[in-house]
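S.K.: Protein chains in written order, with the working numbering: chain Y, 13 to 130; chain C, 180 to 288.
Everything labelled a hint here was simulated from the structure, so no lab data went into it.
Incorrect hints may appear among the rest.
[As the list claims (entries may be wrong)] Quick list of simulated restraints, FRET-style, between CB atoms:
hint : chain 1 : residue 1 : chain 2 : residue 2 : range
1    : C       : E236      : Y       : I67       : 43 to 51 Å
2    : Y       : P82       : C       : P189      : 40 to 48 Å
3    : Y       : P66       : C       : S205      : 25 to 33 Å
4    : C       : G220      : Y       : R97       : 16 to 24 Å
5    : Y       : T118      : C       : E236      : 12 to 20 Å
6    : Y       : P66       : C       : K181      : 19 to 27 Å
7    : C       : L190      : Y       : T118      : 34 to 42 Å
8    : Y       : E74       : C       : G220      : 44 to 52 Å
9    : Y       : R21       : C       : L225      : 18 to 26 Å
10   : Y       : E30       : C       : P193      : 44 to 52 Å
Ideal Cβ positions, reconstructed from N, Cα and C, are used throughout, including at glycine.
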Amino acid sequence: DAGVIQSPRHEVTEMGQEVTLRCKPISGHDYLFWYRQTMMRGLELLIYFNNNVPIDDSGMPEDRFSAKMPNASFSTLKIQPSEPRDSAVYFCASSAVTLKQGGQETQYFGPGTRLLVL
Amino acid sequence: QKEVEQNSGPLSVPEGAIASLNCTYSDRGSQSFFWYRQYSGKSPELIMFIYSNGDKEDGRFTAQLNKASQYVSLLIRDSQPSDSATYLCAVMGNYQLIWGAGTKLIIKP
Chain Y
13 DAGVIQSPRH EVTEMGQEVT LRCKPISGHD YLFWYRQTMM RGLELLIYFN
63 NNVPIDDSGM PEDRFSAKMP NASFSTLKIQ PSEPRDSAVY FCASSAVTLK
113 QGGQETQYFG PGTRLLVL
Chain C
180 QKEVEQNSGP LSVPEGAIAS LNCTYSDRGS QSFFWYRQYS GKSPELIMFI
230 YSNGDKEDGR FTAQLNKASQ YVSLLIRDSQ PSDSATYLCA VMGNYQLIWG
280 AGTKLIIKP
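Required output: the full structure, derived from the provided sequences and hints.
M.R.: Rendered as structure tokens:
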């Protein structure tokens, strides 16, 4: 399997521009997660989907962020308008196992998108 | 708010020694615990998971869980320079993983 695929790997943009990050989960995985990682805040869960349906978006910083999963093999995270404080590494991860206490939750991470907003 | 605490380090260990990484968590009802390794500039990858009190061994790695004291640890025996990375502890909360900030481990040749 190719693993979780993310694009682009690097993105440099100017403040105010729209940014779209893309993710292809591992085939057969029912859960998809979007994370943001910074030195200051560590790894933060932004939103996750189960069977293409958003389950918890409480980690999405504000209305400038939106995420979609139109089908089982594709998801996007959009930032509009982007701001310098959005600069971070954005990871997509997928999992095949039901999220529950005692579940063998193994999340497989993509390589990440390094976003720099100038 | 449910929390997972780790010492940020860096933790410096000589090559060949045992590296001991610790993690405490606040939710007493947590049942699933995970250790991920993250090399600089790379994505996290799972090393081990543990559910039951006691030790779980996998090669040079041993995870230890003490639910009464609410801590989980990771021991790395015969540390190698290639073990130098940030180690993330994660605890299963209500339908999502709660992540620690990670401990940076440096193995000195």
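S.K.: Next, verify each hint and record whether it holds.
M.R.: Now for the hints, and whether the structure bears them out:
Distance hint check: the CB atoms of E236/C and I67/Y are about 35 Å apart, inconsistent with the given range 43 to 51 Å. Checked against the hint of 40 to 48 Å, the C-beta distance between P82/Y and P189/C comes to roughly 43 Å, which is consistent with it. Between P66/Y and S205/C the Cβ separation comes to about 27 Å, which falls inside the hinted range of 25 to 33 Å. For G220/C and R97/Y, the Cβ-Cβ distance of about 21 Å falls inside the hinted range of 16 to 24 Å, so the restraint holds.
For T118/Y and E236/C, the Cβ-Cβ distance of about 18 Å falls inside the hinted range of 12 to 20 Å, so the restraint holds. Checked against the hint of 19 to 27 Å, the pair P66/Y and K181/C passes, with Cβ atoms roughly 21 Å apart. Between L190/C and T118/Y the Cβ separation comes to about 25 Å, which falls outside the hinted range of 34 to 42 Å. Distance hint check: the CB atoms of E74/Y and G220/C are about 28 Å apart, inconsistent with the given range 44 to 52 Å.
Range check, R21/Y to L225/C: Cβ separation about 22 Å, and the 18 to 26 Å hint holds. Take E30/Y and P193/C: their Cβ atoms lie about 50 Å apart, and the range 44 to 52 Å holds.
Consistency note: the structure conflicts with the earlier hints numbered 1, 7, 8.
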